[in-house]
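Peer 1: Sequence:
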Amino acid sequence: MKKLLLILFIIPLIGFGKSETKIEYWDNGQVLSQIHYLDGIRDGSCRYFYKNGNLMSEGFYKKGKMIGVWMSYFQDGQINSHGSYKYTESGSYSRKDGTWKYYNENGQLTRESIIIDGVEELKFYDRDGKLLLMGEGC
Numbered sequence: 003m004k005k006l007l008l009i010l011f012i013i014p015l016i017g018f019g020k021s022e023t024k025i026e027y028w029d030n031g032q033v034l035s036q037i038h039y040l041d042g043i044r045d046g047s048c049r050y051f052y053k054n055g056n057l058m059s060e061g062f063y064k065k066g067k068m069i070g071v072w073m074s075y076f077q078d079g080q081i082n083s084h085g086s087y088k089y090t091e092s093g094s095y096s097r098k099d100g101t102w103k104y105y106n107e108n109g110q111l112t113r114e115s116i117i118i119d120g121v122e123e124l125k126f127y128d129r130d131g132k133l134l135l136m137g138e139g140c
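Every number in our numbering is 2 more than the matching position in the sequence shown, counting from 1.
Hints are supplied without guarantee of correctness; some may be wrong.
What the hints assert, rightly or not - Computed cross-link-like contacts, DSSO-like style, restricted to lysine-lysine with a CA-CA straight-line distance of at most 30 angstroms:
hint, residue 1, residue 2
1, Lys24, Lys67
2, Lys98, Lys132
3, Lys67, Lys20
4, Lys64, Lys98
5, Lys64, Lys20
6, Lys103, Lys125
These aren't lab readings, by the way, just hints derived from the structure by calculation.
Could you build all of it, start to finish, from the sequences and the hints given here?
Peer 2: Have a look at this one:
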C-alpha cells in the first residue's frame with residue numbers, strides 16, 4: 003500500500019513539466035511579449051507587441067522551434083506577412099514551408115514565396131497586383 007501511494011505521488015512529478023507564460027514589458031508599461039514555456043523552453047503560443055500596444059507578430063513554438071502559422075503585422079494592425087514553419091527534430095531552427103505572402107502598408111500583395119523541400123519560388127507583384135518577376139532559389 004505504501005509503495006502504491008509513493009508511486010501515485012511520484013508519477014505526476016515525473017510526467018508533467020513546469021508550464022508558464024512569461025510576460026515582458028516595454029519601459030512605458032505596454033506588453034512587449036507573451037510567451038508560453040514548458041520546462042523553460044518555448045512551447046506553445048507566442049505574441050510580440052509594438053511599443054504602442056499593437057500586435058507585431060504571433061505564432062507557436064514546439065520544443066523551442068517555430069511551428070505552424072506565423073503572422074506579422076504593421077504598427078497600424080494591417081497584415082505584413084503570413085506563412086508556416088515546418089518543425090524538424092534535427093537542426094537548431096525550423097524551416098519556412100509552403101506559401102508565404104508579404105504585403106505593403108496598403109494591404110496589397112507585394113511578394114509571394116513558395117517553399118517546397120527547401121526550394122523557394124519567388125513572385126513579385128506591382129501596385130496593380132500584376133506579376134512582375136518570378137524566379138527560383140534555395
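Peer 1: Just to be careful, I want the Cα atoms of Lys64 and Lys20 compared with a cutoff of 30 angstroms; is the pair within it?
Peer 2: 15 angstroms, holds
Peer 1: Check the hint pairing Lys24 with Lys67 against an upper bound of 30 angstroms on the C-alpha distance.
Peer 2: Given that 30 angstroms is the threshold and the Cα spacing comes to 17 angstroms, the pair holds.
Peer 1: If you draw a straight line from the CA of Lys64 to the CA of Lys98, is it 30 angstroms or shorter?
Peer 2: 14 angstroms, holds
Peer 1: Below or equal to 30 angstroms on CA atoms is what counts here, so check Lys98 against Lys132.
Peer 2: With Cα atoms ~25 angstroms apart, Lys98 and Lys132 stay inside 30 angstroms; holds.
Peer 1: Take a quick look at whether Lys67 and Lys20 sit within 30 angstroms of each other, Cα to Cα.
Peer 2: With a Cα-Cα distance of about 18 angstroms, the restraint between Lys67 and Lys20 holds, given a limit of 30 angstroms.
Peer 1: Quickly compare the C-alpha distance for Lys103 and Lys125 to 30 angstroms and report which way the hint goes.
Peer 2: With a Cα-Cα distance of about 10 angstroms, the restraint between Lys103 and Lys125 holds, given a limit of 30 angstroms.
Checked against the numbered hints listed earlier, the structure breaks none of them; every hint is satisfied.
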